[in-house]
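Given the sequences, and given the hints that come with them, work out the whole structure.
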Amino acid sequence: MSDAWFERDADALPALEAMLRARYPTLHAFVVDGVCRVRGGFEAVPGDIYGIEVGLPSNYPASAPSVWETEGRIPRELDRHVYPDGSLCLGTPLSLWLALDGDFGLDRMLDIPIRNFLIGNSLVEKGEPWPYDDYPHGPDGIVEHLEELVGTGDGLKLGRFLLNMMGGKVRGHWPCPCGSGEIIRRCHREGIEMLRRAPRGYLMHAVESILKGLEQKPDAA
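Residue numbers (the working numbering): 1018 to 1238.
Hints listed in this document are in silico derivations from the structure and should not be mistaken for laboratory results.
Just so you know, even glycine gets a beta-carbon here, dropped at the ideal spot from N, CA and C.
Where hints are given, some of them may not hold.
[Stated by the list, open to error] With a cut-off of at most 27 angstroms between alpha-carbon atoms, the simulated DSSO-like pairs for lysine-lysine come out as follows:
no.: 1; residue 1: LYS1174; residue 2: LYS1234
no.: 2; residue 1: LYS1174; residue 2: LYS1229
no.: 3; residue 1: LYS1186; residue 2: LYS1143
no.: 4; residue 1: LYS1174; residue 2: LYS1186
[What the hints assert, rightly or not] The calculated label-pair distances, taken between Cβ atoms and stated as ranges, are:
no.: 5; residue 1: ARG1025; residue 2: ASP1118; range: 21 to 29 angstroms
no.: 6; residue 1: ALA1029; residue 2: LEU1140; range: 18 to 26 angstroms
no.: 7; residue 1: CYS1106; residue 2: MET1036; range: 23 to 31 angstroms
no.: 8; residue 1: PRO1146; residue 2: GLY1198; range: 32 to 40 angstroms
no.: 9; residue 1: ASP1065; residue 2: GLY1198; range: 48 to 56 angstroms
no.: 10; residue 1: LEU1228; residue 2: ASP1026; range: 36 to 44 angstroms
no.: 11; residue 1: PRO1146; residue 2: THR1043; range: 25 to 33 angstroms
no.: 12; residue 1: ALA1029; residue 2: SER1197; range: 41 to 49 angstroms
no.: 13; residue 1: ASN1133; residue 2: ARG1025; range: 28 to 36 angstroms
no.: 14; residue 1: ALA1029; residue 2: SER1083; range: 15 to 23 angstroms
Structure follows, in structure tokens:
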């Protein structure tokens, strides 16, 4: 027996199907090879329907699903925020967790990051610029997101700070990592408190990605 969420809780899949019938009747859940996938049409805004497929992870809704646009409408290009396998780049794991407060329920995913992504694509199709923060892909994008929260884009400093946070060493009277000379509670307190709420695994993923990016830079120390 697999460890899929719908096998651990016999009521979970029927509840998901009932939610789809009530709120998204053109989307349907299927179990294929032990994985639950949701497929069909999704109306980003009235009259603008995309074909999508959502793969729910085995620990759903504790982590984000993978999402594909299925009708070839969006080019599989990183500049269009689509990976080569066709999955949509909705954000880094940490940024998604923070944006959704750790709730990756399908209705919440559809209503916020998936809908926003598709609306952005529709605007690009009309010749307008991408309407959201356009972070680079990979480690540089993680650094830019953290810079907004912590105030520094120094990868090494960010990595050390997150490790100290995971170790419970960061205190409000510490100098703010942004370098302002102020203590944390008088400077980037809000962003740092947001990071404190994130699970350790998401913070470690950010640290590992940043360090990997630094190793790949030709001028890395």
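Query raised in the report: Okay, which hints does this one fail, numbers in order?
Result: 3, 6
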